[in-house]
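Participant: Single-letter residue listing:
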Amino acid sequence: MDDRALAAAIVAGDAVALRHLIDRESGRLLRACVRVVGDVDAAADVVQETFIGAVAALPGYRGEGDLGHWLVRIAVRRALRTRRLYRGEPLEQVDVAGSDDEPDNDLLQRERDHRIRDAVAALPEPYREMIVLRYFAELDPLAIASATGTPLETVRTRLRRGLARLRVELGDEVAA
Amino acid sequence: MRRQGRERVDALDVERELVEYAARTSTDAPTGFADRLVAAVMATETSARRRRGLAWLPRWLTSPLAPVGTIGLRFGAAIALLLASALVAAAAVLPLAHRPPVDPPSTPGRSLPTFLTASPTPVAPRLDRPAATASVHETIDERPSASISPRPTHAARRHVTDETPSPTSHPRGSSGDDEDDGHDDGGSGGSGNRGPDASDDDGDRGDDHDGPDGSTRPSASPSDEEGSSGDDDEDHHDESGDRSGQDGR
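Sequence order for the protein chains is A and B. Heads up, the first sequence is in my numbering, so the first residue is 1 and it goes up one at a time. Heads up, the second sequence is in my numbering, so the first residue is 1 and it goes up one at a time.
If you are wondering where the hints come from, they were derived from the structure by calculation, not from laboratory data. Treat the hints with care, as some may be off.
[As the list claims (entries may be wrong)] Label-pair restraints from in silico Cβ distances:
hint	chain 1	residue 1	chain 2	residue 2	range
1	A	A12	B	E20	38 to 48 angstroms
2	B	R16	A	E153	17 to 27 angstroms
3	A	A122	B	A78	42 to 52 angstroms
4	B	A84	A	D45	42 to 52 angstroms
5	A	D14	B	L73	13 to 23 angstroms
6	B	A89	A	E138	53 to 63 angstroms
7	B	A23	A	A122	20 to 30 angstroms
8	A	A122	B	G72	50 to 60 angstroms
9	A	R81	B	L73	41 to 51 angstroms
10	A	P124	B	A89	47 to 57 angstroms
11	B	V88	A	A122	54 to 64 angstroms
12	A	R84	B	L73	40 to 50 angstroms
13	B	G76	A	A122	54 to 64 angstroms
14	B	A23	A	R81	24 to 34 angstroms
A quick note: this is a predicted structure, and the numbers were derived from the prediction, not measured. The beta carbon of each residue, even a glycine, is placed where N, CA and C say it ideally should be.
Next comes chain A alone, as it looks inside the complex (with noise of 0.2 angstroms):
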């Protein structure tokens, strides 16, 4: 079932074509929000009001380009928000793997992502969006240009400047 007939039988209350996009995409949502907020049931939620609001305006949706990408883009759009919301309260829960056995480089480990997160979301737009598309949703260039409306090959310069910038603003912390 492509993007278009599936948004039709969800806007039309099939159950079972809404329980297969959300099988299919709330995975990656989750972890798109989970990195930008740093706390997964904060990104639960965040994700539950992405698929609700979703559905309320697929109705609007043309068929125009990949449902999961829309999504993803809605989602990072609010996990960006919740963070803004939250900030300065201690919001970060993320497990690191691998971390019992030195107790040390865990807590260096999560003060380290704590100071990536908070970059990210410094980073004025249209960077901040083009960063957590490309590295925390994880699509490609070709498919942020095809989220976003936006030419390869400014998606391919807003990547560059954004990670510069964001050299800036971590300093020290990736050169160690």
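Chain A is already provided as a structure; the job is to place chain B on it using the hints.
Facilitator: Structure of chain B alone, referenced to chain A:
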């Protein structure tokens, strides 16, 4: 050249850092997460549909997801639905005066048929004729009598005046002086009773159920959530792409 090479190395460092971060924070969905999402979306959508009422109608009519060939069918069905609801509303609003009179209770000893005891339904005068047409009718009706038959002499006029008018005689055309007789029936058309079709608000029943989507529906388009802040050193081709891409959906 050296500066560009340094930037590239820095970008690679940061890129590697981001990729490692993404690998570290790659989490699986909690158990039952999809079930929770389905339940939440279905509950919200069901209540929203109930709340929206007929607001789905314009969206359904213009939905780009349906085949183009069914647009005429959908419009026909929508018009039929609106007409039916307008008729129902008009029937509920019509005053009791427009309904046929109730038969009077029959007195004992008089067993007349029902259609004789009922008050006769008044024959509506020519309601559809406006007042202007009636005056034209009068003018046309009077002119021949004024031009063909000469005005009666004084003696003849006195003879006519002295006569007691018969209640059964119709004076039309017999005398040029009685200009107003017999023409009253044409001018009262403007106050005729109005049937159900004359109601002004019958056709507007569905207009206040506005479609959302926009309005009532939550906006899920990424483009409306936040704007770009712009940047000083953006390339020229970036700007053109940005404007075309912000509202890609």
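Participant: Hint by hint, say whether it matches the structure.
Facilitator: We went through each hint and held it up to the structure:
no. : hint                               : verdict
1   : A:A12 / B:E20: 38 to 48 angstroms  : 44 angstroms, holds
2   : B:R16 / A:E153: 17 to 27 angstroms : 23 angstroms, holds
3   : A:A122 / B:A78: 42 to 52 angstroms : 51 angstroms, holds
4   : B:A84 / A:D45: 42 to 52 angstroms  : 44 angstroms, holds
5   : A:D14 / B:L73: 13 to 23 angstroms  : 21 angstroms, holds
6   : B:A89 / A:E138: 53 to 63 angstroms : 56 angstroms, holds
7   : B:A23 / A:A122: 20 to 30 angstroms : 22 angstroms, holds
8   : A:A122 / B:G72: 50 to 60 angstroms : 54 angstroms, holds
9   : A:R81 / B:L73: 41 to 51 angstroms  : 42 angstroms, holds
10  : A:P124 / B:A89: 47 to 57 angstroms : 56 angstroms, holds
11  : B:V88 / A:A122: 54 to 64 angstroms : 60 angstroms, holds
12  : A:R84 / B:L73: 40 to 50 angstroms  : 48 angstroms, holds
13  : B:G76 / A:A122: 54 to 64 angstroms : 56 angstroms, holds
14  : B:A23 / A:R81: 24 to 34 angstroms  : 25 angstroms, holds
When held up to the earlier numbered hints, the structure conflicts with none and fits them all.
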